[in-house]
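Participant: Below are the chains, spelled out letter by letter.
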Amino acid sequence: MDYFGQLLANGLVLGAIYALTAVAYTLVYGVVRLVNFAFGELFMLGAFLTISLMTSEVQLFGTAVAMPALPFPVAALFAVALTALFGILIDYIAYRPLRKAPRLAPLISSIAVSVVLQSVAQTIWGSEQVHFPDFGLADLDPIVFFDSIYIRVMDVVVMAAAILAMVGLSLFIAYSKLGRAMRASAEDPMAATLLGIPVNRAIAAAFALGSGFAALAGLLYAQSYGFAHATMGFLPGLKALTAAVLGGIGSIPGAALGGVLLGLIEALGAGYIPDGSAYKDAISFAILILLLFMRPQGLLGRPELNSAGAGSLLDGVATVGKGGMQSLLGRLDAGFAWLAGSGARMKVAALAVAIVAGLIIPSDYWLRILTMVLIYGMLASGLNVIVGFAGLLDLGFVAFWAVGSYFTSILFVLVLKQAFGIDAQSVWWLFYVNLIIGGLLSALIAMILGTPTLRLRGDYLAIMTLGFGEIVRIVATNWIGLTRGPMGIPDVPAPFLFGLQVKSPMAFYFVALALTAVILFAISGLVRSYVGRAWVAIREDEHAAEAMGVPTARYKLYAYAVSGFVGGFVGVFYAHYQLFISPLNFSLFENIVILMLVVLGGLGTFIGPFIGALIWVVFLQLALDIPLVQSFPEIRFALLGVILMCLMLFRPQGLAATARVKLTMPGVGMERAS
Amino acid sequence: MNAPLTAPVPMPLLEIEDLHVNYGRIRAVDGLQMQVGSGTIVSLVGSNGAGKTTSLTALSGILPLSGGRIRFGGEDITHLAPELRVRRGIAHVPERRRLFPGMSVRENLVLGSYIRHDRHGIEQDIAVMVELFPILGDRFAQMAGTLSGGEQQMLAIARGLMSRPSLLVMDEPTMGLSPKMIDVILDTVQRINSQGTTVLLVEQNAIEAMRLSDHVYIMRLGRIVHQDTGARIDPELVKAFYMGEVL
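Residue numbers (this note's numbering), protein chains in the order written: chain L, 1 to 674; chain B, 1001 to 1247.
These are computed hints drawn from the structure, not numbers from a lab.
Hints are not guaranteed to be accurate.
In silico EDC-like links for lysine to aspartate or glutamate, alpha-carbon gap of 20 Å or less [stated by the list, open to error]:
1) B:K1180 to B:E1208
2) L:K100 to L:E540
3) B:K1239 to B:D1228
4) L:K347 to L:D364
5) L:K503 to L:D423
6) L:K177 to B:E1107
7) L:K503 to L:E590
8) B:K1239 to B:E1208
9) L:K417 to L:D491
10) L:K177 to B:D1118
11) L:K177 to B:D1228
12) L:K177 to B:D1125
Owing to the predicted nature of the structure, the values given are computational and were not obtained by experimental measurement.
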């Protein structure tokens, strides 16, 4: 009982923090239908700002800046207010220009904002944990309930603050003029405008409130754990999003309920389930998936929000950007479209260029980089099947890549070599078999994971796949018996080809090129078939496709399977190329990068993923020559985020949008018709 | 551009000059000229796709103009933000009503008065609206989305009136309503007008619209092709324009 009571108390404190952050997601989602991934980073910002305001001096790019050393409550208040202003600024720069853009654009933009904030924070506050300053309230003796349950005074403050903030917000939304305007803007922005409501200001208010809530949660979290860190917002942000969905996204009481439930589940799960603390994050996501499967609108959500964010991900046009810029991008696009549309001869030519490049590039360093381009290009092609062709947002793709990599590594290293002492050379053919088996295994998992998502649309789908991806990563990290956990699996053998080991960067490059050709051939064959047309139909309008007799569920599963296969296939090669894998290789960040590549190059095109990969990998290398980047390497990611954001603002449809495979494919339709 | 301009009344409240609105390459409104006299009811009629709704949406500032000028109460409002046009006295009751379905009837009315700050006056006006549409009084706490079509239209008009506009713009207020309900709505339009509010009406029911209008504009392919006073306009001619017999 004492143990239970203590867990309950801990869970409530954690739940209060989740609830505050969940409110941020729910508030903004309710008004603009955007999952603002940046709230995790605003959470972190709240914590860092509080710490900085409480100290007497901070280091900014190597120079000491005097700070006011405010007492905790004042510092917290300032941090919340500053973050709220910051939220307005983010909305103004990154989201407002995209209100009429394809729905994927603001989502990508929010991920870009996240990346920028995180790497800027790392540059300013360093990548080490920053200790939370001591203050009076925190040093008081804990309050003891029933002689055995210890609750710190600050924990009581956390809960009280959460309850106060939540009640205050609910009253504000229900009865104030601005609150009513926010609700009106959420229900029908155009009607609201016609009544004289400045809708953009109402949305900005939602962002300000949400950011303030996230900051409050972040600073409470940081004081509770005693430190702040540049990536501290990531997992709580994800959990809070989970909580918001659990409670029913768009509903403030729902967010509160979801947060508290999630906090309790985690605390109790960590306390009672064997090895529970290692898997507590996975528990939250598993519950999310279960809930979305059974009750997609969440506990208190309104069923009509079920298909929230449904509708085409990719429809719409750019609204920002003036003459010269647009015409330049347009010409670039036309160039890619020409490249993509110019048939077999061009493909042979592209292959020839790639082969010649492999032969004449003398530098091993650049060959390795080009190999990475091919690997990322292949991965992006796999994700492109789901996102670009079938139009379903998938944030868990990285899991399939991980499954392929782990499968082959475990088989070669842990089973064959360590358990049976079989050398890789004697079973060299197994690598090639593994490419297929790894692919099939991932495809199978993709279909199993895909089944519950079939009923979901739009943003819910994204959140659910994100949950899957995280579960796989958490399992890979914690199931030490199977995966060696964070230690990773070293000494994965390089592949052999008839007794010759693939060793030189040039050899690897050509293996990668061959695999690329196979994958591109397979994907383009599928896309140009009946299956591909069904995908494109689903992408363009799922309801219409269904009405026209396309069994959408089945074809969505096919898309998952194909995408999973590619992920697993590439994963097998990746493991044998890197020679070492660990859970760090398969983080959500990697998934975001891969998604960025597809978006960058152009969704639903065959060359887009490779254009994106080329730009990204080469950029990462070239950026190392910029002096600022040399002293602050994290800035690279900030630059990437800025580039991505600019791309979304000026060309939300991607660089090669015209090359996107359309519903009317020349040739295919005619054959079928006759 | 081509239609001869005869000012319907000496003092126009709204003047639209050479209005152009493009959707990409399509010229939805192509040089619209019209005037709405203070205190009158003016109808804009025409077949589907003539550009009526587009013109109204541009008038409210929701759609960007490609050219032309809009003057309201003697002031140029061409570049004014939509919400500021409401403050100047234009209330637009949009096509398909566009109520806030998840909010109560009362909240919809209160939102209509967003630009006002006189709490007391707002409460009084809500009472006035209930007088105008007694059924709304019985539905106060009900969600707007659960009202019948006719009730929704009444609420939409009442919501528009809550900003105390000098010009009430209505886009197809009788769409999808029963003949009886159409009479009720059009009677109310007349009543609102008789209390001093200028009305600009877009209607598919051209004959009904002509009956109560002071002035009628016929629109076709983005332009005014004919105009006359409500009393003088020839119904046969209107019919011919609808059927595309006169170009």
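Participant: Please go over all the hints and tell whether each is borne out by the structure.
Facilitator: Hints, one by one, checked against the model:
1. B:K1180 to B:E1208: Within the cut-off at roughly 13 Å; holds.
2. L:K100 to L:E540: The given pair, whose Cα atoms are some 17 Å apart, holds under the 20 Å limit.
3. B:K1239 to B:D1228: At roughly 15 Å apart (the allowed maximum being 20 Å), B:D1228 and B:K1239 satisfy the hint.
4. L:K347 to L:D364: 26 Å, violated
5. L:K503 to L:D423: 17 Å, holds
6. L:K177 to B:E1107: With a Cα-Cα distance of about 11 Å, the restraint between L:K177 and B:E1107 holds, given a limit of 20 Å.
7. L:K503 to L:E590: 26 Å, violated
8. B:K1239 to B:E1208: Answer holds: B:K1239 to B:E1208 is near 13 Å, not above 20 Å.
9. L:K417 to L:D491: 10 Å, holds
10. L:K177 to B:D1118: With Cα atoms ~13 Å apart, L:K177 and B:D1118 stay inside 20 Å; holds.
11. L:K177 to B:D1228: Violated, at about 44 Å.
12. L:K177 to B:D1125: 17 Å, holds
Taken one by one, the earlier hints fail for this structure at numbers 4, 7 and 11, listed in ascending order.
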